[in-house]
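Q: Which chain is which? The protein sequence lines are A and B, in order.
According to the numbering used here, the residues represented by the first sequence are 1 to 319, in order.
According to the numbering used here, the residues represented by the second sequence are 1 to 682, in order.
Hints were generated in silico from the structure; no laboratory data involved.
No false leads were mixed into what you were given.
Restraint-style ranges between C-beta atoms, simulated for each label pair:
#	chain 1	residue 1	chain 2	residue 2	range
1	A	109	B	445	52 to 60 Å
2	B	541	A	239	23 to 31 Å
3	B	569	A	37	38 to 46 Å
4	B	431	A	30	42 to 50 Å
5	B	569	A	12	31 to 39 Å
6	A	316	B	616	25 to 33 Å
7	B	478	A	12	35 to 43 Å
Just so you know, even glycine gets a beta-carbon here, dropped at the ideal spot from N, CA and C.
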Amino acid sequence: MPVEIVKERYSSKVGTITLGATKEQGGTRTHTVTVGGDSTLPFLHFEGEVPNPPVVAIEICDRVPEWNPSLLEHYRDVVGDPAAWAQKAVEYGADLIFLRLSSADPELGDSSPEKCADTVKKVLGAVGVPLIVVGSGVDDKDNIVLPAVAEAAAGENLLMGIAEQDNYKTLTAACMVHKHNIIALSPIDINICKQLNILINEMNMPLDRIVIDPSVGALGYGIEYTYSIMERIRLGALQGDRMLAMPVICGIGYEAWRAKEANAPVSDFPGWGDQKDRSILWEAVTASGFIQAGGHIIIMRHPEAVKLVKNNIKQLMAK
Amino acid sequence: MNRRTVRFMPDNRVVQVPEGMDLHRAAAAAGLELKSVCGGEGTCGRCAVKILEGKPEVGGGNLSPRAKKQGLVLACRTLVTDDLVVEIPADSRLADHQLADGSTGRVLAENTYDRLAEFGLSPLCRKVKVKLPEPSVTENGSDLSRLLLGLKEQGVEGDITISLDALRALPETLRQGSWDATVTLAEISCRETGPRLEIVRVEAGHSEAPPYGLAIDIGTTSNVVHLVDMSTGTVLERRGTYNRQAMYGDDVITRIIHATEEKGGLNDLRKAVVETLNGLIESALLARDLDQEEIVAAVVAGNTTMAHLFLGLWPGYIRLEPYIPAATSFPVIRAAEAGLQINPVAPVLTLPAVASYVGGDIVSGMLAIDVEEHEEVTLFIDIGTNGEMVLGNKDWMITCSCSMGPCFEGGGITFGMRAVPGAIQRLEIEPGTYEVKVTTIGGARPRGIAGTGLIDALAKLRSVGIIDRAGAFHRVPNRRWRTGAEGPEFVLVWAEDTEQGNQDIVISESDVKNLLRAKGAAYAAIRTMLQTMELPPEAISRVFIAGAFGSYLNLRDSIEIGLLPDLPPERYSFIGNSSVKGSRLALMSRVARDKAETLAHQMTNLELSEGNTFMEEFVSALFLPHTDLSLFPSVAAVPSPDANAAGAAGTAAASNEAAVGAGEAQSQAQTQVNNENEGQHS
Chain A
1 MPVEIVKERY SSKVGTITLG ATKEQGGTRT HTVTVGGDST LPFLHFEGEV PNPPVVAIEI
61 CDRVPEWNPS LLEHYRDVVG DPAAWAQKAV EYGADLIFLR LSSADPELGD SSPEKCADTV
121 KKVLGAVGVP LIVVGSGVDD KDNIVLPAVA EAAAGENLLM GIAEQDNYKT LTAACMVHKH
181 NIIALSPIDI NICKQLNILI NEMNMPLDRI VIDPSVGALG YGIEYTYSIM ERIRLGALQG
241 DRMLAMPVIC GIGYEAWRAK EANAPVSDFP GWGDQKDRSI LWEAVTASGF IQAGGHIIIM
301 RHPEAVKLVK NNIKQLMAK
Chain B
1 MNRRTVRFMP DNRVVQVPEG MDLHRAAAAA GLELKSVCGG EGTCGRCAVK ILEGKPEVGG
61 GNLSPRAKKQ GLVLACRTLV TDDLVVEIPA DSRLADHQLA DGSTGRVLAE NTYDRLAEFG
121 LSPLCRKVKV KLPEPSVTEN GSDLSRLLLG LKEQGVEGDI TISLDALRAL PETLRQGSWD
181 ATVTLAEISC RETGPRLEIV RVEAGHSEAP PYGLAIDIGT TSNVVHLVDM STGTVLERRG
241 TYNRQAMYGD DVITRIIHAT EEKGGLNDLR KAVVETLNGL IESALLARDL DQEEIVAAVV
301 AGNTTMAHLF LGLWPGYIRL EPYIPAATSF PVIRAAEAGL QINPVAPVLT LPAVASYVGG
361 DIVSGMLAID VEEHEEVTLF IDIGTNGEMV LGNKDWMITC SCSMGPCFEG GGITFGMRAV
421 PGAIQRLEIE PGTYEVKVTT IGGARPRGIA GTGLIDALAK LRSVGIIDRA GAFHRVPNRR
481 WRTGAEGPEF VLVWAEDTEQ GNQDIVISES DVKNLLRAKG AAYAAIRTML QTMELPPEAI
541 SRVFIAGAFG SYLNLRDSIE IGLLPDLPPE RYSFIGNSSV KGSRLALMSR VARDKAETLA
601 HQMTNLELSE GNTFMEEFVS ALFLPHTDLS LFPSVAAVPS PDANAAGAAG TAAASNEAAV
661 GAGEAQSQAQ TQVNNENEGQ HS
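Just chain A, with the same shape it has in the complex (with noise of 0.2 Å):
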């Protein structure tokens, strides 16, 4: 006797969004990335559809970032040059460059908005991927930053945060304008998630051109939290709630690598093994796990996690 298998049914489902502009669209890029469009929870191919598979974002900077040497040591030869840097970020199969402007920090040295336009331009000269633009985190010089980025990178669609809830006006205003897309980001707070994109959504910014970034933590580090949200956004999107239907971004590689475990040398914890090992598997291990929650777009440090990461997609996305 044949077994029926139960299906879910849903009403609706997760919006999609693409990333970059081709020449024809307006832009430089050699492609887009599409993701999002889920119809089911993740990966249940049986069930609904899953048209676009995770992809992964390589993190850059543009200075030399306090990172571990373990991890470090991978970009020895383009640190300092993000240019350079995407370059090497996409050979190890970085399907979009999430790239930070932690120089605008005012103490970590100042750079002006100029001179970080001016460091997006030359990332988006240097590789052909569609990027991620994100600020130093100082409210105050990214709402200077960032629009004078979104100007210089006006028409390349770029994915550009960060959005919080008590500062998205500056940088939604300079993406409605520019025609980029915008990462919404709320901690760990389904409400907050929602009254983001409802005020961003508010200034008419078009809801399929925003990304949810729900906050991550670490393997060890509160993943659990993050993954019950993520269940609960998902499942707000297929319901028919168009203020959690959006595709979701995830940084894993800046959380993966503030863990304890990640860092600590062998002689510290003889009984957890070598610590190059450890942390690529921390990272990987995290990120498929917030990969199986529903993440979209997964924001990665270290090239041999990576690898593994989009094995596991692949497999994931196998029907």
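Put chain B on the given structure of chain A with help from the hints.
A: This is chain B only, laid out in the frame that chain A set:
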């Protein structure tokens, strides 16, 4: 007793008072409330007045040398021994208290439906005239048996007892009236044995005066007394003032703490409320020239804590989990036991409560409306320091109480104040220029903002784009927008236009956040009740809003900020002080008295702190109007001010004009506005 005339200036109100009464009480009798913290002990120095004519007996008391030099005396220490003309300086006056019914400038029309006709007239006390046979050697029964026989002849059925006071006076009274007497009978209900009759008063001769009773509402903030003609149910006098318990704390919790942790605390609170009520009663009696003896019944409604404090019951466990009151049904007591200065044996009925935080005031409110008669679902809301609500129909009723904080009564808000003259109750903000037009209660110069004004402010700040849906301030290019000590703020009234004249009236970001929490709590409570019954908001066919607060409520704004469910306006009505209305019905009708007991048992109390979705609902409601916009379709349909503001802000820059559509050209202007201003906003 000699009566003297006192004229109070500048109001030019005249009152006749017995000689020897102090001026503080005389002023109250004239309907003028003086400030007082000490309760007439002569120690607080707040009730200073000036004698313009006449010679009173002036006592001492604590008055500043400067005030003495100005010729002021303390009203509470000054006795009326002569006809007087007295001036009350503005400083000594407690702003006229707005009675919960009898106010002006309403937005919602008051629903004046009176259920007395439906319930039928069977008052707590009635008078029966009897004609008794004179006793003789053969007719030698006692005076009492003679009286009881007389009552039977008048058709009075059942067991009749007599109060000791009435009995003591009986022999002389009967003989004074040459065996004609008027008997006041109280009907005291008892679940087990049915109604029991008691003779509370016997008058010599045949009296045409009706029996008088009191309908009393003991609110946490204000107390209201209605003097009722019990032969018809007509309300003769309405009096209201602040509950003097306020000196021990503004909310029930701090008062419970005072009652249970201070030595003699419970008695302090009991005395404070009884004195407040006695002041109101005295003033009402003076106005009608009635004697205390003639007031033969009272019905009291209050929240559970107020009922406990009025009766002197230990309130300690109301505050502590699992929130257990001493009782929810209260014994009928005598006025003398309660300390009320009316006929000492008058029965005093305290309406039953549902639970610790849903009290007799709500049960009383339910008497005034007719939820239990209808198939359709009714929502009843009483918004005060606590928001209490009932949802139900003829088959079921659930009720809950949520703490809203004091902000709709003016507490916790920089310029918040109670709904008294000078409080801003409505305001308009002109888009673009941000000019503000305010309307105050009584048309006085603005002194602060009332709860209804705050709701208006929230809606208007939002609609012109000064705050966003999360309540965050966004800088607008106007001098009314500024950064104060507590962060961003918006000036509603410039100092020179205020009553005080020394400070701008502002609303700050933290005020807005406080209001968001209060309105969020109210809406979350409504939603939690609806969800418990698995009903959508549209299922509510009628909404009754009770309380002084409701009288000025702007319905549209209340929906716009998400305080009240998004229902068509015709489903809403305002019922004024439903608590005192219900008390009157209980005073006037046996059906209502019995119904109060039944209703209290029928209502299921939903404890919001236990095992339901309240917290989640609360967080979702901390947004204007709500995180789930589909709950507020009529609000969501209105275009966003952010989009409009961008359009009004100026012309688009030229850089990529060709590339962008009209909507985006608007937002370009927005970018410029933000770039200029948001540098200071973090």
